[in-house]
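> Now for the letters of each chain:
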Amino acid sequence: QKEVEQNSGPLSVPEGAIASLNCTYSDRVSQSFFWYRQYSGKSPELIMSIYSNGDKEDGRFTAQLNKASQYVSLLIRDSQPSDSATYLCAVKPVDSSYKLIFGSGTRLLVRP
Amino acid sequence: GAVVSQHPSRVICKSGTSVKIECRSLDFQATTMFWYRQFPKQSLMLMATSNEGSKATYEQGVEKDKFLINHASLTLSTLTVTSAHPEDSSFYICSAPLAGGRIEQFFGPGTRLTVL
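Protein sequences, first through last, are from chains Y and V. The working numbering numbers the first residue of the first sequence as 1 and each following residue consecutively. The working numbering numbers the first residue of the second sequence as 1 and each following residue consecutively.
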């Protein structure tokens, strides 16, 4: 079983819709979770971090964390074609290092 | 967010040559940096953890003698791909967490290496 799992997609949504990206993780004691966006040919860009159960909103982005279900999601409201990218979920294990465990990413396509 | 730079952004070299990639934290000090490799349409693969003032920690399957890492200062880590071969062609990306207990990692723009 992979430590961080994501559906590879592509997830295709029409412009203006809500895109829902999901991620599950295997280490029950993980405390820190991140969403990165990666455009084709570019490096990942941090868009959200979440540490507590519940929702965290930042503009059109909402991260949701459910530690009991070992599940973290990212909602993108009013999706735009410019949101088309690969979204990487990352989890920090409970250890002394700064290392992150990345999922393989979900490719999002927003249709004009 | 914090700024991490990489140089060069793109390099093309002949097989057998060595290539050095620099990763700099521009507005913060980084005692730890990470080096990743990403092949086309594949996920990020962590290669090694670069530690300022001590040896790098390599992930399983990554040859430490082929991928030399030096973390000479609190703002600079270098990755040298020695005797590069076409199969080393990839997108190499570094990242660094902010200091002061912050754990968010910020990525450099990446270096695209093509070995002919």
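Please note that a few of the clues may not be correct.
[What the hints assert, rightly or not] Only some residues are given here: those of chain Y computed to face chain V with a beta carbon under 8 Å:
1) S32
2) F34
3) P44
4) S49
5) S52
6) K92
7) L100
8) F102
9) S104
10) G105
[Unchecked claim] Straight-line distance between alpha carbons at most 25 Å, and here's what the computed BS3-like set of lysine-lysine pairs gives:
11) Y:K42 with V:K41
12) Y:K99 with V:K14
13) Y:K99 with V:K64
14) Y:K42 with V:K14
15) Y:K67 with Y:K56
16) Y:K99 with V:K66
17) V:K20 with V:K64
18) Y:K99 with V:K20
19) V:K55 with Y:K42
Because the hints were derived from the structure by calculation, they are not lab data. Just so we're clear, the structure is a prediction, and the values are computed from it rather than from any experiment. Here a beta-carbon is modelled for each residue, glycine too, at the ideal position from N, C-alpha and C.
> Name the hints, by number, that the structure is in violation of.
5, 12, 19
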